Amino acid sequence: MPIKMKSMFGLSLLLIGGCSQLHHVHVSDIDQSRGRLTPFTVKVNELGFDAAQTVQIGADVAKSASTSEDLEFIAFILAISNFGPTTGNPVYNDNYAEQILVEVVKACPSRKITGLTSIREATNIGPVSGEVVRINGYCIN
Amino acid sequence: MKKLFLLFSLVMLSACTSSIHMSQVAIEEKRINEFENGQLINIEKSQKNILGFVYDTNYVDKAYESLLKQCPQGTSMINVEYLTNHGFMSWTDKIRIKALCK
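From first to last, the protein sequence lines are chains A and B. Here the first sequence is numbered in the working numbering, starting from 1 and rising by one per residue. Here the second sequence is numbered in the working numbering, starting from 1 and rising by one per residue.
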């Protein structure tokens, strides 16, 4: 198979293989006794990128053995430089969910809120992902 | 030149990644009218892990104690965030609490 065809095939596979992944969900009390409920959603997201995995893929597809070895070494350096537990892919901004509380209050002008569901999820496309924090809830009208 | 570019890229890519494991919002429905006058407080406590070894494991308890101290009348809305900042052979676990106090 020519190299361009292989690249196209690999790219298509990555795009088709993009999928959502649920990491954590928490449902709180819901009160349906005080009026009609209107659903709302607040979502914040950030680009997740696994640099070590990306370089490792580069090492796997490299043509020459020396390039492959170099890339494997870089992947190793990246892996030990970003050490620690992860949920989804790592992000380069740890404040992306900072405003979520304020956004929830803004989403419900009546300020009567019930049934909050906190969701931590991701949409993955290979080593790149959208890391998402989503809050669903109901305004009491 | 190529090696310099590689080194630069490596340094850039290994710069301080993080991972948010959980961000949870909860509300005290009986006190929803207190939003207007509530004061927003921020609490952050952390523990340093070096290759998984830690010496300070009660950072969550400390955050909780701090919340009780800063909100003696209780909270009407609270956001708890648990995240990790990655580092070289080590990482820092953090608990961030944002709350609306009466």
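Simulated from the structure, these hints should not be mistaken for lab results. What you are looking at is a predicted structure, and each value in this text was computed from that prediction instead of being measured. Any given hint could be a false lead.
Stated by the list, open to error - According to the in silico footprint, chain B covers these stretches of chain A (three or more CB under 8 Å from chain B):
1) 20 to 28
2) 61 to 68
3) 73 to 83
4) 104 to 113
5) 116 to 127
Claimed, not checked - Residues of chain B placed beyond 10 Å of chain A at every Cβ, according to the derived structure:
6) C16
7) I20
8) N49
9) Y55
10) D56
11) T57
12) K69
13) G87
14) F88
15) W91
16) C101
For each residue, glycine too, the CB sits at the ideal point set by N, CA and C.
Hint check:
1. 20 to 28: Coverage by chain B holds here, the residue count being 4 at a Cβ distance below 8 Å.
2. 61 to 68: Answer violated; 0 residues pass the 8 Å Cβ test.
3. 73 to 83: holds (count 7)
4. 104 to 113: n = 5 at 8 Å, threshold three: holds.
5. 116 to 127: holds (count 3)
6. C16: C16(B) is in fact no farther than 10 Å from some Cβ atom of chain A, at 7 Å.
7. I20: violated, 6 Å
8. N49: Violated: least Cβ distance 7 Å, not greater than 10 Å.
9. Y55: Label holds. Min Cβ-Cβ 17 Å, cutoff 10 Å.
10. D56: With a cut-off of 10 Å, D56(B) remains clear of chain A, as the shortest Cβ separation is near 16 Å.
11. T57: holds, 15 Å
12. K69: holds, 20 Å
13. G87: violated, 6 Å
14. F88: For F88(B), whose nearest Cβ neighbour in chain A is about 5 Å away, the distance does not exceed 10 Å, so it is violated.
15. W91: violated, 3 Å
16. C101: holds, 13 Å
Going through the hint list in order, the structure does not satisfy hints 2, 6, 7, 8, 13, 14, 15.
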